[in-house]
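Numbering (full-length UniProt numbering) for the sequence shown: 1 to 170.
Derived from the structure by calculation, the hints contain no laboratory data.
Keep in mind the model is a prediction, meaning the values are calculated, not measured.
Here a beta-carbon is modelled for each residue, glycine too, at the ideal position from N, C-alpha and C.
Do not rely on the hints blindly, as some may be mistaken.
To be verified - Simulated restraints on C-beta separations:
id: 1; residue 1: 89; residue 2: 144; range: 50 to 56 Å
id: 2; residue 1: 151; residue 2: 21; range: 50 to 56 Å
id: 3; residue 1: 128; residue 2: 100; range: 40 to 46 Å
id: 4; residue 1: 56; residue 2: 123; range: 22 to 28 Å
id: 5; residue 1: 121; residue 2: 149; range: 15 to 21 Å
id: 6; residue 1: 117; residue 2: 149; range: 19 to 25 Å
id: 7; residue 1: 25; residue 2: 157; range: 40 to 46 Å
id: 8; residue 1: 83; residue 2: 63; range: 25 to 31 Å
id: 9; residue 1: 21; residue 2: 114; range: 15 to 21 Å
id: 10; residue 1: 83; residue 2: 35; range: 20 to 26 Å
id: 11; residue 1: 38; residue 2: 155; range: 34 to 40 Å
id: 12; residue 1: 123; residue 2: 71; range: 40 to 46 Å
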Amino acid sequence: MVLSFSVVLFSCGGGNQAATEEHQAMVTEHETMEKEHATMEKSHADMEKLHTQMVEDHKKMAGDEADSSHQVMEAKHQKMIDEHTKLIANHKTLVDKHSELVKKHKSGEADKATMEKEHKQMQADHDKAKKDHEKMANEHEQMKKDHEQMKNEHANKDKEGDKKEEKKSE
1 MVLSFSVVLF SCGGGNQAAT EEHQAMVTEH ETMEKEHATM EKSHADMEKL HTQMVEDHKK
61 MAGDEADSSH QVMEAKHQKM IDEHTKLIAN HKTLVDKHSE LVKKHKSGEA DKATMEKEHK
121 QMQADHDKAK KDHEKMANEH EQMKKDHEQM KNEHANKDKE GDKKEEKKSE
């Protein structure tokens with residue numbers, strides 16, 4: 001797909017060296033956007049995997065015991081995951097839209113001016129997606145910190161419980 005987009009943009013230059021260089025720059029930018037989207041999708045999948053692991057860790061630590069502080073944290077994390085899922089869906093829609101533009105450009109449905117306008121919009125959309133992803137990554141780092149704090153709190157509760165058991169047995 002990138003190659004076909006490259007060929008279309010390159011061939012639209014019509015021998016004009018400035019247009020050819022301009023099109024090649026657009027091709028390079030588009031290839032970069034595609035790579036960044038792939039990285040964002042992988043990163044989000046990693047976030048979801050870690051969140052699932054966090055929930056499993058907590059179940060191992062707490063068992064069936066009710067834990068209101070964890071429930072609050074879990075609700076906060078689930079809200080983040082839900083927001084992240086929406087952002088990823090928006091990003092996928094954006095990538096699909098870009099693919100459609102590539103097809104349109106390849107078929108000759110779009111002239112150079114239209115292609116340039118659409119490419120600028122693609123860049124703006126992509127920049128927003130990157131900002132959204134940075135926000136997600138920052139929130140995910142906070143989620144990791146919250147999880148570590150929760151693990152430490154459970155470890156301390158376990159130690160306190162062990163001390164109480166020792167006193168009872170004495």
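Okay, the hints, checked on the actual structure:
1. 89 x 144: 50 to 56 Å: violated (23 Å)
2. 151 x 21: 50 to 56 Å: Cβ of residue 151 to Cβ of residue 21: about 55 Å, so the range 50 to 56 Å holds.
3. 128 x 100: 40 to 46 Å: With a Cβ separation near 18 Å, residue 128 and residue 100 fall outside 40 to 46 Å, so the hint is violated.
4. 56 x 123: 22 to 28 Å: violated (40 Å)
5. 121 x 149: 15 to 21 Å: Violated, at about 42 Å.
6. 117 x 149: 19 to 25 Å: violated (49 Å)
7. 25 x 157: 40 to 46 Å: violated (59 Å)
8. 83 x 63: 25 to 31 Å: holds (30 Å)
9. 21 x 114: 15 to 21 Å: holds (19 Å)
10. 83 x 35: 20 to 26 Å: Since the Cβ atoms of residue 83 and residue 35 sit about 24 Å apart, the hinted range of 20 to 26 Å holds.
11. 38 x 155: 34 to 40 Å: holds (38 Å)
12. 123 x 71: 40 to 46 Å: holds (42 Å)
In terms of the numbered hints stated before, the structure departs from hints 1, 3, 4, 5, 6, 7, listed from lowest to highest.
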